[in-house]
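Chains X and G, in that order, are what the protein sequence lines are.
Numbering that gives the first Met the number 0 numbers the first residue of the first sequence as 0 and each following residue consecutively.
Numbering that gives the first Met the number 0 numbers the first residue of the second sequence as 0 and each following residue consecutively.
Calculated from the structure, these hints are not laboratory results.
Certain hints may be false.
As the list claims (entries may be wrong) - Pairs of lysine to any residue residues, derived as SDA-like cross-links and limited to a Cα-Cα distance of at most 20 Å, are as follows:
#	chain 1	residue 1	chain 2	residue 2
1	G	Lys-342	X	Val-223
2	G	Lys-310	X	Val-220
3	G	Lys-41	G	Glu-9
4	G	Lys-49	G	Lys-310
5	X	Lys-311	G	Phe-267
6	X	Lys-311	G	Lys-511
7	X	Lys-309	G	Phe-96
8	G	Lys-310	X	Val-240
9	G	Lys-86	G	Arg-127
10	G	Lys-80	G	Arg-54
11	X	Lys-222	G	Phe-96
12	G	Lys-154	G	Phe-96
13	X	Lys-288	G	Phe-267
14	G	Lys-511	G	His-401
15	G	Lys-86	G	Met-128
16	X	Lys-241	X	Gln-224
17	X	Lys-288	G	Asn-264
18	G	Lys-342	X	Pro-126
19	X	Lys-177	X	Glu-127
20	X	Lys-241	G	Lys-310
21	G	Lys-233	X	Gln-224
22	X	Lys-288	G	Asp-266
23	G	Lys-511	G	Ala-494
Stated by the list, open to error - Quick look at which bits of chain G chain X covers, simulated, 3 or more residues with Cβ under 8 Å:
#	segment
24	119-127
25	318-326
26	432-440
27	446-458
We put the beta carbon where it would ideally sit given N, CA and C, even for glycine.
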Amino acid sequence: MDSKDKIIINGSKFSFRPGETILQVAERNGIEVPTLCYIKGSMPTGACRMCMVEVKGARNLLPSCATPAVQNMVVETESERVIKSRWINIELLISSGHHNCLTCEANGDCRLQELAYRYQVETIRFPESPAIYPIETSNALIIRDFSRCILCGRCIQACNEVQVNNAISYGYRGTASKIVAVGDLPLDESDCVFCGECVQACPVGALIEKPSRFKGRPWEVKKVQTTCPYCGVGCQIDLHVKDNEVIRVTGTEDATPNLASTCIKGRFGYDFINHSERLTSPLIKENGKFKEVPWDEALSFVADRLGDIKSKHGPDSIGVFCSAKITNEENYLAQKFARAAIGTNNVDHCARL
Amino acid sequence: MTNPISDIEESDTILVTGSNTTEGHPVISSYIKRAVEFGEAKLIVIDPRKIPLTRFATLWLRQNLGTDVAWVNGMMHVIIKENLYDKTYVETRTEGFEELKETVQRYTPEYVSKITGIPPDDLVKAARMYAEADSASIFYCMGITQHTTGTDNVKSLANLAMLCGNIGIPGGGVNPLRGQNNVQGACDLGGLPNVFTGYQPVGDPAVRERMAGAWGVSSLPESTGLTLTEMVNKAGGSIKALYIIGENPLVSDPDLNHAERAFANLDFLVVQDIFLTETARIADVVLPSTSYAEKSGTFTNTERKVQMVRKAINPPGQAREDWEILCDLSSRMGYPMEYRDCKMIMEEIASVTPSYGGINYTRLEKEGLHWPCPTVEHPGTPRLHVDKIVRGLGMFHAIEYHPPSEIPDKEYPLYLTTGRVLYHFHTGTMTMQSDGLNDLAPECFVEISLQDAQDYNVDDGDLLKVSSRRGEIRAKARISDQAVRGTIFIPFHFAKAAANKLTNAALDPIAKIPEYKVCAIRIEKLWVQGEDR
Ligand code: SF4
Ligand code: SF4
Ligand code: SF4
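Go ahead and model the full structure; you've got the sequences and the hints to work with.
Below, the structure is given as structure tokens:
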């Protein structure tokens, strides 16, 4: 980094690369500038006006996400003027919709709530605008609560610039503004493929995973990072667990290869884990019917039968199918079992199928 | 994949063939779409269906089913003729160029057009677009491999990449997209009849001796075992017992009616799974195992990256992790396998597998590792063949085009090709338990072009009977502009209307992959949409 390029933020000097924005320099140096609409890696839109900062010599406050750092620029991120502007901004956002946190899924994981707390916005001087668009609950996966939407546009960027599904955009104008799918159709009749990128990007409770609703609060869950069990991309996902149940899945932020993206299967395809038809006991078939038996009995039976067949017909009369769905460690043991315990190379899986 | 996923956005030209990427590998498709929409990349899609990715394509070529060797040879013909190939690369890093040149000489754009149906001009355009790029990558999936000529198809794509010096560079490569989360790992860890872990051949006495030593046995079987399809074919014959872990061959195998009869002839069938699948139902013993959320271990993704799987919840009832079941059973059969946990298994894997030698849980906890990773100091290998091709010199294979093993005739006048839809996974064991996913893709369908629909007087939603020489299924018609005249598409996920009752079990002679992507069928209309049954 060229040490000649310096910018002063809140009294400290920082160097910057050409083209870097004030926000990027601040973030890199641990100065938190609040944002609502900003998505790392996407084009800044300046829609939310939350990251406004005071720049010496400039008449107006400037959006730090879209203003490039300039040599010797002097920036204040929390001056009185800045705080006042944020204060009003937050008030307006809260009054623009129906921000009742009591049963909102985002409670505890909401940027607007965090900011209201941080800037101590206690009373709202503006009247709450009536909701013009009813909540959309027609599909099984994503709830769209327009009354909680602050029109930050993060969902649009997530859909169009990250996933490139081009399913949603801004629609209508002024106070009638709304995030719409093509033709303002409900999501399940639109081009939406239910990847859920928009839900994860939404800073408030306007987009919600329907299957997770009322299943648990953000602070009640334990998040466990793991690897998606579906396709070979190997997306890193976080399982949100409460009471021994996976209640929600999100893409792991900042982890490769997916950088928090997932598809519909990775995000929504987890019902099978807690399904009532899961096998819970070993079964042995007797007279055409399955009977539940203890492990000990089942495994002794299998060991005896395989042993018999091996001694009668030789090890190559037995085959083992390992699996593209089990772990590396388990595949290793499965082929070791076939080769060392049974004595056959008849081991394969459905790689080709 | 020879190259990491993150390389995609560095390609100048991306060629996608035989992969319906937006549905099969959605997150990779986003990388491709971003490269085209927000970067400078050009995209060539070569696919018989008008898949969603064609909306982003600079060029879309629609080849006849099973004619891939022909168009690849055709592209190479043009590239050599117009001197667009990378001469330095070909001279210094490959062998067999003269033979290749001679073979592709005959594949003029006009000749190729007769076989593939691709207009000669389009083929020339594609050849130039691929060859003139500084870095060009190729992505393919089962649409390339599930043919009797699957091995030829793959080798042809490798020829093309080498010819243009696209191996071992950022944004280049030949990149198979692996269908299931751990296909790569299952192969790496020796889940194949001819190799131990890390592709060490069972036929090599030195390897066998080393493995026998590590495993504490006096000897190991030396002859190559049977493949899955061969085991199914010999079930009841020389194969008396099968032990099946986490697979559902009674939906995924080709020519299912045959497979069902074969399984019925087994003396003993054990299925270890999380649900009572179609296959488990006919088993003698069923052992309940755990889902990914209830187990620890690792998966290896399509870019050869080994990543952690972490246990989040306890399994239901008596279900146990697959590795515990195997250890317990093996010990009962007189070969004790004792491990404290998966970490200990990975330590053993690293000790017997050169390409996984440097991989351990302490490192993986921080970040996944791409193999080959031979030592604990080695950073892993996101990109293969960088300074030289792994085997030394890259080998060109001169390959001739051969038609698919079954083509339409009077009796079965239409082509059938099978594949996936976005909303379901493989045989549906997991995804079909989700109401949300079922809502979006509730049942099987028969995708048919508007022209064929008119010819057969079929409307959207009509119930069709689809039959081949091997069986028949019933499903509703879906008229779609994704389909091409003369070719029907059916997804294979659905047990109730299993497309694999129709498919042909003819195998690629080397890879032993069945020809899922091409067979001959006929259709009949049974009911009109909305009519009472
Ligand atoms: S779910 Fe995915 S496709 Fe649908 S609107 Fe959201 S980001 Fe777009
Ligand atoms: S739905 Fe959420 S992400 Fe989209 S504009 Fe509204 S608040 Fe922002
Ligand atoms: S989230 Fe989707 S794209 Fe990612 S690994 Fe899972 S199935 Fe594949």
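Hints, verified against the model:
1. At most 20 Å may separate the alpha-carbon atoms for a hinted pair to count; Lys-342(G) and Val-223(X) meet this at roughly 18 Å.
2. For the suggested pair Lys-310(G) and Val-220(X), the alpha carbons sit about 15 Å apart, so the restraint of at most 20 Å is met.
3. Taken as a hint, the Lys-41(G) and Glu-9(G) pair is honoured in the structure, with Cα atoms around 11 Å apart against an allowance of 20 Å.
4. About 40 Å separates the Cα atoms of Lys-49(G) and Lys-310(G), which puts this hinted pair outside 20 Å; it is violated.
5. With a C-alpha separation of about 13 Å, the suggested pair Lys-311(X) and Phe-267(G) falls inside the 20 Å cut-off, and the hint holds.
6. Annotation: proposed proximity of Lys-311(X) to Lys-511(G) is violated, straight-line Cα distance about 29 Å (limit 20 Å).
7. Between the alpha carbons of Lys-309(X) and Phe-96(G) the distance comes to roughly 50 Å, so the proposed pair goes past 20 Å and is violated.
8. Restraint check for Lys-310(G) and Val-240(X): satisfied, since their Cα atoms lie roughly 11 Å apart, inside the 20 Å limit.
9. Of the pairs offered as hints, the one joining Lys-86(G) and Arg-127(G) holds, with about 16 Å between alpha carbons and a cut-off of 20 Å not exceeded.
10. Restraint check for Lys-80(G) and Arg-54(G): not satisfied, since their Cα atoms lie roughly 31 Å apart, outside the 20 Å limit.
11. A C-alpha spacing of about 54 Å is found between Lys-222(X) and Phe-96(G), which places the hinted pair above 20 Å, so the restraint is violated.
12. Distance restraint check for Lys-154(G) and Phe-96(G): the Cα-Cα separation of roughly 14 Å lies within the 20 Å cut-off, and the hinted pair is therefore satisfied.
13. Of the pairs offered as hints, the one joining Lys-288(X) and Phe-267(G) holds, with about 15 Å between alpha carbons and a cut-off of 20 Å not exceeded.
14. Of the pairs offered as hints, the one joining Lys-511(G) and His-401(G) holds, with about 16 Å between alpha carbons and a cut-off of 20 Å not exceeded.
15. Annotation: proposed proximity of Lys-86(G) to Met-128(G) holds, straight-line Cα distance about 17 Å (limit 20 Å).
16. Restraint check for Lys-241(X) and Gln-224(X): the C-alpha separation of about 14 Å stays at or below 20 Å, so the hint holds.
17. Proposed proximity of Lys-288(X) and Asn-264(G) is supported: the alpha carbons are some 18 Å apart, at most 20 Å.
18. Note on Lys-342(G) and Pro-126(X): the hinted pairing is violated, with a Cα-Cα distance of about 59 Å set against a maximum of 20 Å.
19. For the hint linking Lys-177(X) to Glu-127(X), the alpha-carbon distance of about 17 Å falls within 20 Å, and the restraint holds.
20. A C-alpha spacing of about 14 Å is found between Lys-241(X) and Lys-310(G), which places the hinted pair at or below 20 Å, so the restraint holds.
21. Under the criterion of a C-alpha separation no larger than 20 Å, the hint pairing Lys-233(G) with Gln-224(X) is inconsistent with the structure, at around 42 Å.
22. Annotation: proposed proximity of Lys-288(X) to Asp-266(G) holds, straight-line Cα distance about 17 Å (limit 20 Å).
23. A distance of roughly 24 Å separates the Cα atoms of Lys-511(G) and Ala-494(G); the hinted pair therefore is violated under the 20 Å criterion.
24. Beta-carbon proximity to chain X at under 8 Å applies to 0 residues in the segment 119-127 of chain G; the threshold of 3 is not reached and the given coverage is violated.
25. With 8 residues having a beta carbon nearer than 8 Å to a beta carbon of chain X, the segment 318-326 of chain G meets the requirement of three or more and the stated coverage holds.
26. Under a criterion of three residues with beta carbons nearer than 8 Å to beta carbons of chain X, the stated coverage of the segment 432-440 of chain G is upheld, 7 such residues being counted.
27. With 0 residues bearing a CB less than 8 Å from a CB of chain X, the segment 446-458 of chain G misses the requirement of three and the coverage assertion fails.
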